[in-house]
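J.: Single-letter residue listing:
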Amino acid sequence: MDGFPILSLMMAVPMAGAIACLFAGANSARWIALIATLVDLVLGIALWANFDQGGLQWQFQEYHPIFGRFAWALGIDGIALMLIALTVFLMPICIGASWQAIQKRVGEYMAAFLFMEVLMIGVFTAQDLYLFYIMFEAGLIPMYLIIGIWGGADRIYASYKFFLYTLLGSVLMLIAMMWMVHEAGTTEIPALMTYNFDPHVQTWLFLAFFASFAVKMPMWPVHTWLPDAHVQAPTAGSVILAGVLLKMGGYGFIRFSLPMFPEASAQLAPLVWGLSMVAVVYTSLVALVQSDMKKLIAYSSVAHMAIVTVGLFAFNQAGIEGAMMVMLGHGLVSGALFLCVGVIYDRLHTREINRYGGLSINMPKYAVLFMLFTMASVGLPGTSNFVGEFLSLMGIYQASSWVALVCTTGIILGAAYMLYLYRRICYGEQKNADAAAMPDLSVREVALLAPIAAAVLWMGVYPESFLAPMRADIRALEARLAPAAPAGDSKIKMGAPKQPSEGHHEEASAHGEAH
Amino acid sequence: MIQLIVLLPLLAAAIAGLGNKALGKLPAKIVTTGALFASCAMSWPIFISFLTGHAEPFVAPLFTWIQTGSFDAQWALRVDTMTAVMLVVITSVSSLVHLYSWGYMDEEPDQPRFFAYLSLFTFAMLMLVTANNLLQMFFGWEGVGLASYLLIGFWFRKPSANAAAIKAFVVNRVGDLGFMMGIFGTYLVFNTISIPEILAAAPAMAGSTIGFLGYRFDTMTVLCLLLFIGAMGKSAQLGLHTWLPDAMEGPTPVSALIHAATMVTAGVFMVCRLSPMFETSETALTVVTYVGAATCLFAATVGTVQTDIKRVIAYSTCSQLGYMFFAAGVGAYGAAMFHLFTHAFFKALLFLGAGSVIHAMHHEQDMRYYGALRKEIPITFWTMTLGTLAITGVGLPLVGVGFAGFYSKDGILEAAYASGGVGIGAYFVGVFAALLTSFYSWRLVFLTFFGKPRWAASEHIQHAVHGHHEGADEEGDGHGHDAHAHAHDDHGHHGQEQTGTAGYHPHESPWVMLTPLVVLSLGAVFAGFLFHDQFIGSEGGIEFWKNALAFDSHLMHAAHEVPTWVKFGPFTVMLTGLVIAWLSYIKFTDWPKRFVATFGALYQFLLNKWYFDELYHFLFVKPAFAIGRFFWKFGDVGFIDRFGPNGLAALVVQGNKITRRLQSGYLYTYALVMLIGLAAAATWAMTR
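So the protein lines, in turn, are chains A and B. Just so it is clear: in the first sequence, position 338 is 701 by my numbering, and no numbers are missing. Just so it is clear: in the second sequence, position 168 is 929 by my numbering, and no numbers are missing.
Since the hints were derived computationally from the structure, they do not count as laboratory data.
Straight-line Cα separation of at most 27 Å, DSS-like style, residue types lysine-lysine; simulated pairs: (1) A:Lys794 - B:Lys1383; (2) B:Lys782 - A:Lys728; (3) B:Lys1370 - B:Lys1383; (4) A:Lys728 - B:Lys786.
Label pairs and their in silico Cβ distance ranges: (5) B:Gly1186 - A:Gln416: 58 to 68 Å; (6) A:Lys728 - B:Val820: 35 to 45 Å; (7) B:Thr825 - A:Ala842: 18 to 28 Å.
Rough simulated footprint, nothing fancy, chain B against chain A, three-plus residues with beta-carbon under 8 Å: (8) 680 to 693; (9) 717 to 728; (10) 760 to 771; (11) 785 to 799; (12) 816 to 829.
The C-beta atom is built at its ideal place from N, Cα and C for all residues, glycine as well.
Using the sequences and the hints, build the whole thing.
T.: Structure (C-alpha cells):
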C-alpha cells in the first residue's frame, strides 16, 4: 500500500456518492449511499489489515500543500484507525436504518449522511491543525440539517441548541489554534504533539480546547443539547451522533489536550474529575426518571462519556486504553440501543416508554438483541463496555480512589436505569393492543443489529484485536504525560510500624487531589 | 477435559437459546441436560483423583483477554482441590436440576429458554470456580448474576418476578462495586491480578499501609474488606441479603440450583480461594466472623415465622451461608468449604422437595394450607425428612456418626470455639441459630406433612378442584401466583380455621422429579460421613487441600479436642428445637397463636424481616427517583437550559431590539460602533 492514497480515497468515495445522491431519485439514492458506505467499509478493512502494528506511529501519510502553511495532510495512528473503523462500520448500518424511515427528500438525506462520513473520516485523519478544525466544525452542518429537516416535531429548537452549544466552544478553539501556530511555527499535528508550550500559556490553551471538546463529549454541565438532539434526530442521526460524533470530543482530548498541554492537563485534571463525578451520578439519576426512551439513552451516554474523561485524565496506560475502549464500545452499544428504539418507533411512532410493554411475547428476537445491548450498556463482563469501563476505572483508581469510588457507582445506577427500561418495554403483560400487534424484527433489521451484536461480543471476549493497534500510541502518550502525571493517593508504605503523623499529612494532600 | 466440562454447558445454552422455538422443546432439553450430565461425568473423576491424592493442580490456558501494560488477564481454567470440589457440586446439582425440570416445567410453553438459561448459568459458575485471576472470577461472578436475573424474571409477565429480578441484579451490583474496587486496589498493590501470584505476595504486604479515600489504612484490611463486600452481595449476607428471599419468585428448580447450592456460595468460595490474603488481616477476618454470625442469627429468626415454604428455605440458606462465613472468619476454611459442599446437597434436596410439594399442591406455596401430606406424597416426604435430618445436624456427638450437616455444621461450631476470641462468641450465636434452624426446619415438615389437611382454604386448590386449573396451567407454573399469596395474607386467620381436603387429591411427582430427590438424599445422608476426614481432618485436610486454601491443621486438631459440652451443645439444641416444633405444631397447635398474641410486636418485626426492605426503600429507592427528578427538572431544565441556551436566545432577542435602535440612521452611532470595533481589533493585535 506504499504511497497509495487510501485515506483520500476513503473520503472521495462518500463524497462522490453524496454528489450523485443529490441528483438521484429516492430509490437510487438509497442504493448509491449503501454501496458507497459498503465500499468505504471494505476500504476500512483493507486499511486495518495493512496497518503495521509495530511500525511507525504515523502511517498512510499524505501531504499536498494547498496555500501557505495550509496543507492536505493526512495520516493515522492506531487510535485514529480504531475510530475510523468504528465510523465505516456504523455508516452502512445507518443507511440501512433509514431505508424505509426516511421518505421525504431522500437524495438530500443520503447526501448529508455521506458528507458526514467524509467529514468524520477527515477529523480522524487530519494531520494539519486547520484541516482538522475545518473538518471538526463542518461536521456540525450535515448533523444540523439532519436534525433540522428530518427530525421530530420540536426539531428546530433542538438543532438550534445543538448548533449554538457546539459553535460556542469552537470559536475559542480557533483562537487557541491560531496562537499555537504562531508560537510553534507549524500546523502539523504530529509536530505540535511534541512541542512544549509554556506551562502558563498551556492553561489558557487547554481551557480554550476544553470549551470545544467538553461540549462535544458532552460533559456536565454543557450536556443539555444532547438529549434534545437525540430525541428530535431521526434514528440514523442518533446512531451516528452517539456512535461517532460524541467520540470527537474524546479524540480531541487524546490528540490535542493531553499530548500538547500535559502540564495544564495535570493541573486541571481535578476539574475534569469533578465534572465527571458529578456527571456519572447526576445523569444516571436523571436517566432513571425519564419516560422517553431516547432521552434515557441520551442521558446514559453522558454518564458513559464521563467514564471516558476520567479514564483519559488518569494519565496512565490502563486509563487511556480503557477510555478508548469505552468510546468504541459505547459507539457500538448506544448506536445499537438507538436502533432498537428506532425499530419500535417505526412501528408505533412514539418514544413514550409506557406505551410499550410485554414485547418479549410478540417480538422475541427483538427482546434477545435488546437484552444483549442492555447488558452491554450495563457493562457486563464479556461485552465491549466492560473492558473499557474496567480499565478506565482501574486507571483512575491509581490516581484517586475517591474518583474511582464515585464513578464506579455508575455500575449500580446504570444497572438500575437500564434494567428498569428493559422491564417496562419488554417484560410485563401486553397492556397496549397496538404494541402487542407489532411484528418481530424484519430481515433488514436483524441484518442491522446482528453485526453490532457480534462486534460487541468480540470486543468483550477478545479485546486484544482492538487494544493491540493502539498500544504503542497510548504507551507513547503515557510517556509524554508521565513527567506531569499527578501522583496517586494510595502511596503504599511497607513495613509493620505505622506512622500516624505522616499519615495525616498525606491524608490532606490526597484529599486535595480528589477534589 | 476441563475445557469440555466448562464449555459444553455454554454450547448447549447457545444451541437451546438461539434455536429456541425452532428447535423445539424436546431437543432443547436433551441437548442441555445431556451436556450437563456429560460435564458431571467428567467432573467426578477429577474430584476423586484429588480425594485419593493422585492429582496435581494445573492451569489450562485458553487465550488472552485483557492486556495493558503490566495488567494481564488471561482466559484460563485452573483446577485444584477447591475447583474440584466446586466442579462436582455444580455439575451434580445442575444436572439433577436439569432433569428435575423436565417434570417441574412440563406445562411451561417456553422451555428451551428456561433450559438455555440454566445451562448458561452453569457455564458462568464453572468459569467462576476455574478462574486463575480475579478478573475471570469477576466474569463468572457477573455471568451468574445475569443468569440469576434472567431466571428470577423467567415468568416475565409477573410484575413481582420482574421487580425481584431487578432487585437481585442491582443489590448484587452494590456488592460488585466493592469487588471491582478490590480488584483495582489489588492490582495497584501487587501489580498483578493472577490469584496464585497475589496469594504468594500477600504475606509480605502485611502491616503495610495504603491511602484510601483520603485516609490511611492497613493495606490488606482495605483490600480484603472491599473484596468481602462483593462476597456479601453474592452470598446475601446481612445488609445485602434483601434480594435472596425475593429471588424465590423464580421457578423452584432455579432456587435449588442458584439460590441454594451454587451461586450464593460464590462469596464463600471467594473468601476461601483468597484465604491466604484474608489471613494477613486480623481485622478483615474479624469483620467476616461478625457479619457471618449476624447473618446466621438474623436469617434464622426471620425463618421461624415465614409461611411461604420457599421463603423459609431461602432464609435458611441465608443463615447457613452465615455459618460458612464465620467458619472462614475464624480461619476454618476447610470447614467452610465442607459445609458449602454438604449444604449444596441437602439444601438443593429441600428446595426440590418443596418444589415437589408445590407441584402436588397445585402451585400453593403457603404452608398454612398444607398438612397431612405424608401419605399422599410419601417419597417427597421421606426425602425431605432426610434433608431436614441433614440440615439440623442429627448425629451422635461422641460416636461421631450422623447425617451430612452433623459433620459440617458441628465442625464449624467446634472450630469456632477452638479458635477462641470472637470465635467463642460466634460459637454461641451459632448454637442459638442451630436451635432456630432445628425449630423452623421441623416446623416446615410438621406443617406440610403432618396434622390435618387444611387445603380447603387455598385458592389454588379451589381452582384445581373446580376445574379452572386447565386455563391456569397454560399460563405456566406460577403466573399470578404471588397475587394469590398476598390475598391469603390479608385474611390469614380465617384461612387457618378452615380444614379439610376440599375433595382434592395431591399426586406424587413423576420419576424425573423423584430421581433427583433420591440421589440428593444419598448426598444428604452420606456426604458428611464419607468426606469429613479429607475436608476437615487435621491430617487428611493437609493432603487433600494441598495449599488450595489456607488450611489450619492446628485449628482442626484443636476443634476435635474441645470440651465435651461444646460438642453436645449443637446436639442439645437440635433436640430442643425438634421438641418445641413438635409441641407447637403437633401437640398443642394453639401455641403459635398464643405466641403471636403475647409477643405481637416481636412477631411483626420478624414477619416483616426486620423491616430491611422498608428501610432501604425509604433510604435509597425513593430518594434516587426524587433526586433524579429534581436534577432533571431543576438542574437541567430549570437552571442549565434556562440560563444557558434559552437565556442566550432571549439575550439575542433583546440584543436585536438594541441593534434596531442603534440602526437609527444617525451617523454618530455608526461612528461609535466602528470606533469600538477598531479599538477591540487593535487591542487584540497588540496583545497577541
